[in-house]
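Protein chains in written order, with my numbering: chain A, 90 to 205; chain B, 76 to 202; chain C, 394 to 643; chain D, 1246 to 1831.
One should not assume that every hint holds.
Per label pair, the in silico range of CB-to-CB distance [unchecked claim]:
| no. | chain 1 | residue 1 | chain 2 | residue 2 | range |
| --- | --- | --- | --- | --- | --- |
| 1 | D | T1670 | C | S463 | 49 to 55 Å |
| 2 | A | G189 | B | G187 | 29 to 35 Å |
| 3 | C | V625 | B | T86 | 54 to 60 Å |
| 4 | B | V149 | C | D508 | 40 to 46 Å |
Here are the simulated lysine-lysine pairs, DSS-like style, with alpha carbons at most 30 Å apart [said to hold, decoys possible]:
| no. | chain 1 | residue 1 | chain 2 | residue 2 |
| --- | --- | --- | --- | --- |
| 5 | C | K539 | D | K1594 |
| 6 | C | K480 | D | K1691 |
| 7 | D | K1691 | D | K1703 |
One side only, chain C facing chain B, incomplete, derived with CB under 7 Å [what the hints assert, rightly or not]:
| no. | residue |
| --- | --- |
| 8 | Q510 |
| 9 | T533 |
| 10 | P555 |
| 11 | K612 |
Keep in mind the hints are simulated off the structure, nothing from the lab. Positions of the beta carbon are idealized from the N, C-alpha and C atoms, including for glycine.
What follows is each chain in one-letter form.
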Amino acid sequence: MAKSNEPIWWSLFSAGGMVAAMVLPILIVITGILIPFDLVGDNPLNFEKIYSAVSHLLIKLILFAVISLPLFHWAHRFRFTLVDVGLKSVSTPIAILCYGGAIAGTIVAAVTLWNI
Amino acid sequence: MSTYHRPVSNTLWLKRKPYILFMIRELTSVFVAGYCIFLLVLVYKLTQGANAYDNFMAALNSPSSVALHLITLVFVLYHTITWFNLTPKILVLYRGEERIPQWLVAGTFYAGWAVVSVIVAWLVLTV
Amino acid sequence: MAETMKLEIFRYQSEKDSEPAFQTYEIPFREDWAVLDAINHIKDEIDGTLSYRWSCQMGVCGSCGMMINSVPKLSCSAFLKDYYPDKIRVEPLASFPVEKDLVFEMDDFMTKLTDMQPYIIPKEGEEKALEEGEYLQSPTELAHFKQYSMCINCLLCYAACPVYALDSSFIGPATIALGQRYNMDSRDHGRDARQEHIASNKGIWKCTFVGECSAVCPKHVDPAATIQRAKVSSTIDWFKDVLIPWGKKK
Amino acid sequence: MNSSHDIVMVGGGGAGLRAAIAVAETNPDLSIAVVSKVYPMRSHTVAAEGGAAAVIKDNDSLENHINDTIAGGDWMCDQDAVELFVNEAPRELTQMEHWGCPWSRELDGTVAVRPFGGMKTERTWYAADKTGFHMLHTLFQTSLKYNNITRYDEWFATKILVENGRCQGVTAIELRSGKVEAIAGRSVIMCTGGAGRIFPFTTNGAIKTGDGMSMAYRAGVPLKDMEFIQYHPTGLPGTGILITEAARGEGGILVNKDGYRYLQDYELGKPLDINDPNHPVKKSMELGPRDRLSQAFVAEREKGKTISGPYGHVVHLDVRHLGEKKIDKKIPFVRELSKNYAGIDPVYKPIPVRPVVHYMMGGIDTDITGATALPGFYAAGECACVSINGANRLGSNSLTELLVFGRRAGTAAARFALENTAIDTASLELQASDEQKRIGRNFFRKAGGTERIFILRKEMNETMETSAGIYRSEKSLKETCDKIKELKDRFSNINMEDKSLNFNTELTSALELEFMLDVAEAIAYSALERTESRGSHQRTDFPERDDEKFLQHSLAYQSDAEPRIDYKDVVITKWPPGARVYGKKE
Ligand SMILES: Cc1cc2nc3c(=O)[nH]c(=O)nc-3n(C[C@H](O)[C@H](O)[C@H](O)COP(=O)(O)OP(=O)(O)OC[C@H]3O[C@@H](n4cnc5c(N)ncnc54)[C@H](O)[C@@H]3O)c2cc1C
Ligand code: SF4
Ligand code: F3S
Ligand code: FES
């Protein structure tokens, strides 16, 4: 069997792409339109409510996935984009930076959520 | 006799419309990541207490935040649409000899997207 | 006065030219002419020195691929009327070295195709003798790989793929599609051997799903889809290998 | 510099590849060369659509296939060859199946068959309507498995090398460099395909220029039965692109300008309604043999019943009643081709068609092992004439023929190579350098000259169509013979614009034209001498078949002024000549 580590990155990329496609648009609509234009009543995202919601393990896990997976989606695409526009000679450092970034984001997300 | 190798430049991407659209598709990932970082900050503010959180949320009302959100939304929607449109390429399903039509596969994802969006909105806004 | 139109053709003759140049020809405009007919007209009546490949004139031999206004097409299936009255620019298929004029070098593809082992590899010890007749294959099993067997090796997909343009070590769309054609054939058991190429860093993982290979494919092989599906199956392999390394060793 | 192999195939089409694999499989130690002027998968076998015949179903029998073939060939077939062909056919097509050919299937997973013209029972294996394409790619891809096959892709063979009365290789031009070299072999198999390009309207690709026939002819090997040229009744006007017989096999009908199924007026049976479950009736009406259908077209045209169009007269092939679904499933390529090249969608409109030159029944005279009169020189495929096609080939016999006789020639040539190992390398190199000089002098470095290749080719096309076409006469054929002589003279005065060595396609066009003129000559003279009408050879001045005098194969030998035409008996074993009956209940 050919040896390649791409499957791991590619599966994270795909999962991230799917999560981003499914949930990000509605979240953006909420935080970018509905809230600022006061279209959804009185401060539905108030601190108490959100804090207690995020304290649930299930919600934590979901939020973790929603933050982390799309980061890998970005890392994978961005890595190839940089290679495509001519940075092929430094493709290894690019890969390290991109995936490293996503991993760092993932760790921060994990720690932060843990602390709630 | 020698063959001629035509030079390939990195601006290749700008030479044909499909390539430009592809590049835009790939760059949507930057906005995807950007918004995820925004979410991460939001969660971080939660850990810093009500004050920090409220200030952060108040900033959402600023015109620049709205503008940034709208731009992000455009790109993320572009991501969603291209993503779903490509699903039937990967999910090749057969009913007997007949391939299940591509629009049906993509359509299922669009339907799923609608359902997920409603659920998320309901969870976030009302519960 | 009959209508005419202009063809601007890429010319390169290694014995004379160090650099290629474009030469413009004026040809009669005929409603039912393909670009290839116009080029044949040039060869026959205007300029005998022009070289290009063609044979069947019916889009099945795969020899007449050219860049027509920067899009890879079979010149026997691209019609003048779709461009008239504008000038048409004709170049050899992109990304390949040019031998002469519109003739490009195919060696790279031929090597890659050969390496892919595009033939039935039967299960050892279970080959059927000819006397026992055909292997049974249901229309459904046929349908699963039929599309990928339609490739005419015209290489338009290579000329359309920017990844191949920038890095010719990429095995490329048609070759992978042909490998998958056999992988998905119910009579074949050679997938493991082909995976060495398909699932390697020169194979599917180089593809960023630009999708232009499928957009230009005249036979609707849809190599882009094949490649993405191969990514899925290779990923499943990988997880099986990593998570249950003791399993599935035959 | 020159290269040497055990066996050299000239041609990488169906026949050449099948022969190469046969050798590679029987003896992995033999070194095999496949020389082809185009990449093998571009060979014109790729264009065959309808299918390949072999008996596998229970409702059929070998005897039926033999009968259909012999009667279809108007008793010009060698019956020993036909018998062996029919016997080996199922095995060969099964072999193709084992190699991965995507044959269309029945629900139970067995190979499906369809009816074809002139056949009593449906026995044509098919891969939708791209049978030749799938067969060629299957063979080509399978050939990649054998590393004792060396390919010479885009090498253009120019001459057979004969030394000590034995064929010992060929000379060929490597197109990319222009160098001329000897490719030596202990035996050579010619598999260069047909020569339809001699005619103006043909289903044949640009590469089908009779090169191998001419090379053999020049080396003193006779060309057999060259007068028999098959017109396919349904080509697209203008391009000559083939609309496969499968369109009629699936139920398509031919109508004249009044919408009338005119074939019923030409002893091809009575039409059944298109909705009748028994339509189409085998060996009847639209499923009659090609020669008769093409002749019926000419008769209709003379009656003024055809439709006149920009590329001459046409009739209509109507498949609308099959419906979109069946068309897309069974004959999708017909739809694609009609849309692209005739601008009509057969789901909604009838397809304009006319007879176009399709196939050469004649060719290099071989026996049933593919051997010719020249030791060490074999031939297979369309360029050969083993005599299974007689005076009219039945559709779907040819693809099978490539396999059966490709394999046989391969085996026989391998045996010959093992028994005759000596190769006179020095003399071959000498011959190659002579050939190099000839090509340099006559083409690469040719100065002066005023004749355009294209004009000569056009004039050859015209004379062949008008005087050696579906109907011929002494007067018309004599004109053609004279015209060809004239063209041959003028050929020595051609103008070569391209002097470059690298991929010089003007050179190849010139060489091909020179080959075609030879083949045209053999056709015209053979046709002139055959003063009878049989199968595809119809003489207006001799409208009857003459078994007394002409149950004979013609053999054309090249000679200085005019070719010499000789004859040899047709092999008749068990099936004495009879009348060709179509459209009757048997
Ligand atoms: C449109 C069409 C449809 C057909 N449909 C059917 C069908 O349905 N059923 C059927 O049974 N038959 C069909 N036929 C007939 C059949 O396809 C041909 O007779 C057969 O494919 C010929 O195969 P071949 O191997 O002899 O030659 P080809 O496939 O023509 O190959 C010739 C080879 O010789 C090489 N060559 C030629 N000259 C030279 C040279 N000078 N130097 C080096 N190489 C050379 C070429 O490169 C090529 O590789 C059809 C034919 C046509 C044109
Ligand atoms: S996949 Fe399509 S475009 Fe690519 S070589 Fe095959 S037929 Fe041509
Ligand atoms: S265009 Fe190239 S990048 Fe992949 S999807 Fe096709 S091979
Ligand atoms: S000439 Fe054969 S595909 Fe165009």
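Results of checking the hints against the structure:
no.: 1; hint: T1670(D) <-> S463(C): 49 to 55 Å; result: 50 Å, holds
no.: 2; hint: G189(A) <-> G187(B): 29 to 35 Å; result: 32 Å, holds
no.: 3; hint: V625(C) <-> T86(B): 54 to 60 Å; result: 33 Å, violated
no.: 4; hint: V149(B) <-> D508(C): 40 to 46 Å; result: 44 Å, holds
no.: 5; hint: K539(C) <-> K1594(D); result: 28 Å, holds
no.: 6; hint: K480(C) <-> K1691(D); result: 35 Å, violated
no.: 7; hint: K1691(D) <-> K1703(D); result: 22 Å, holds
no.: 8; hint: Q510; result: 23 Å, violated
no.: 9; hint: T533; result: 5 Å, holds
no.: 10; hint: P555; result: 6 Å, holds
no.: 11; hint: K612; result: 16 Å, violated
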